[in-house]
Amino acid sequence: MKTILRSNDMSCPTCVDSIETYLNKIDGVQKATVHFSTGRIEVEHDDGKVSEQELVEAVREVGYESEVSAF
Amino acid sequence: MKVINNILTNIRNPSQRRNYLLLASGTFILLGWGLALAWNWNRGRDALMIAAALIAGYDILLRAWQGLKNKQANIELLVSIAAIGGLAIGEYWESAAVTFLFLLGAWLESRTLNRTRNTLRELISLAPATAIVLNNGTQEEIPAKNVDREQLVLIKPGSKIPVDGTVKSGYTSIDESAVTGEPLPVEKAPGAEVFAGTMNQNGLIKVRATRAGTDTTLAKIIRRVEEAQEDKAPTQRFIERFARWYTPAIVVLSVAAFFIWGNLELTLTLLVIGCPGALVISTPVSIITGIGRAAKKGMLIKGGEHLETAAKISAVALDKTGTLTEGKPRLTDVISFHPEQIAAGNMADNIISPTYTHFMLGENAEENLPEEAKELLYWTGIAEKGSEHPLSKPLVEEAQKYYARLPEPDHFEAVPGFGIQAEYKTDSIRVGTVDFMEQAGISVCPEVRDKITELAREGRTVVLAALNGVLLGTLGISDPIRPDAGEMVARLRANGIKRIVMLTGDNEDTAKAVAAETGVDEVRARMLPENKLEAIRQLQKEGYKVAMVGDGINDAPAMAAADIGIAMGATGTDTAIETADIALMTEDLTRIPEALRMSKLTLQNISQNIVIALATVTALLAGVLNGSVHMSGGMLIHELSVMLVIINGIRLKWA
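Chains as they are written, first to last, in numbering that gives the first Met the number 0: chain P, 0 to 70; chain C, 0 to 654.
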């Protein structure tokens, strides 16, 4: 399934790499894309292995606050 | 107790945590200076500065570490090394200032950026959360996103429309600026489409829902705009690649500088001023704001790459029907040839020399056409019934006024750019251009040709109709020119567009009449879709960057071949939004020069930002080397340059 997170914490485009790499390493995440311009984080993931809330938690781990968004 | 609890939960939230760190670090710095200035207690100051540096540095170090784990040297790493180095050589105040300023800068930057990021999302949140649905006469208020297809929704005067749908009953006017950027309210009658997020003005209407929640046109547009903003411009990609090598290069350079000069403070200062912060943000900030602003005016520029190309357009090709004209053609002239004259003519050569009768059809006049004219309409109507050509509709509609049950042709073949050949029972009908008649061996006499030319010069599109090889008459169709077409052409020229070319499938005379009235000076008439594509390629060969304006469906090949394809009136039609590089939500033609102007402004803005970023780094570097810039001052100027770049980008909001 695909989950969209939105973060208001990204102040420079290089933040993107850290979040992206971190998310992509998580077991159950197929593909994570982070967009600096809009602050959108798109994650394709296996719902059974990693939940939306765990994704928010993972982004937090890297140092950014985010929330689940409808689109 | 509650306060502590609050703080503890907030610390889990990185944004909140950073705010606390920033506040604490700032307080310690102020206290430190207070101690030093009031009581000359330097030891106390140093202790407080170390604390401030550690507090502000905690978060920077965390991010630097995350980057290192991913094998990336990021800006935070540069700052961390500088701050730790500063503490090691006893420059406590410098370290505290560098970390504090960096954190403060990031806070200000993300706040300012989010204001731009959220402009579009505010639109969707403005759409009401609930809808009043009607069930067998009872009203029920439910969440807007749960409205099902086909459900009836009641919309009161002065309220926002919660779903997409069609008006089932009632009349009103609606402010659709949220979707189209068009400030003038649009009249809505039963059958009309309405969009979620638009503002109902004066009438009470009932709407049959078609789409709700994240499927609405407004949500789709916002998603599209965001995708466009995320699409990286070539400049941005280049800078990001550059920054990926630049940052570790700065580390290496500083180490080298240390070995050359043996000056640790200079080395650390180089790290601080080497941050590519302003450079990496120079392009995205302009693009987010530029595309966002354009979207609010109803122009969807599909991404950074298209924006950069659009800024360089030097030639514009325009389709005639539906672009320069309204695309709602009306039958204005019916010219029937007199059958007895035809019979008396020389049938052996198929040359006819008829006298004809010319009927002009007024907009609302009650017409009473003679039998021969009605017959002309009858046969033309049958042939055109199978066609989807835009000119078919007025012909069929006019024929149906007299023949309510107009039959379908048994066989039908359309030759694009020429006409239609149809069979009905035993009769053969041919409708189309003079060439199309002659291809079938039906000659057109000079008298009729003159009449056709005369009509075409008045801007009419003229078709001939023949039944079983005998010409019945000629029909003139007029498609009114859009009122803002002339202004659009003038503005394109004022914006520096060198060539403005009309590409049309219509004949030369009609095309020239429209061109003359709108100010277009180059006309290519009788163009088949592949000719249009060729014309675009030709302009490109001559060295022009070409934009093609069309409806996104018929002109798709030419639009794809052009450097930029611009689709008009794209609201509600996904294909047009899909195929175009720039999609205009309204039919307002002046948005075409406006979209090109916005692109140019945005590109200029990017260049300004890059200049600011590079000039700052160069000036700082010079300052460091001659010893006039130190760590804290370098960081301050660096952060100021980042803010300057962001503010310059945000200026586009008012462009």
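These are calculated hints, taken from the structure and not from any lab test. Don't take each hint at face value.
[Claimed, not checked] Computed list of chain P residues with no C-beta within reach of chain C, every gap over 12 Å:
# : residue
1 : N7
2 : M9
3 : K30
4 : D46
[Stated by the list, open to error] The list that follows gives simulated cross-link-like pairs (lysine to any residue, SDA-like), each with its CA atoms no further than 20 Å apart:
#  : chain 1 : residue 1 : chain 2 : residue 2
5  : C       : K167      : C       : N117
6  : P       : K24       : C       : K219
7  : C       : K70       : P       : K1
8  : P       : K1        : P       : E19
9  : C       : K497      : C       : N467
10 : P       : K48       : P       : V15
11 : P       : K24       : C       : W64
12 : P       : K1        : C       : Y170
13 : C       : K205      : C       : A255
14 : C       : K68       : P       : T32
15 : P       : K24       : C       : L67
16 : C       : K155      : C       : R210
17 : C       : K68       : P       : K1
The C-beta atom is built at its ideal place from N, Cα and C for all residues, glycine as well.
We went through each hint and held it up to the structure:
no. : hint            : in the structure
1   : N7              : violated (5 Å)
2   : M9              : violated (7 Å)
3   : K30             : holds (15 Å)
4   : D46             : holds (19 Å)
5   : K167/C - N117/C : violated (34 Å)
6   : K24/P - K219/C  : violated (31 Å)
7   : K70/C - K1/P    : violated (27 Å)
8   : K1/P - E19/P    : holds (15 Å)
9   : K497/C - N467/C : violated (49 Å)
10  : K48/P - V15/P   : violated (24 Å)
11  : K24/P - W64/C   : holds (16 Å)
12  : K1/P - Y170/C   : violated (41 Å)
13  : K205/C - A255/C : violated (74 Å)
14  : K68/C - T32/P   : holds (18 Å)
15  : K24/P - L67/C   : holds (15 Å)
16  : K155/C - R210/C : holds (19 Å)
17  : K68/C - K1/P    : violated (26 Å)
Hint violations for this structure: numbers 1, 2, 5, 6, 7, 9, 10, 12, 13, 17, all remaining hints satisfied.
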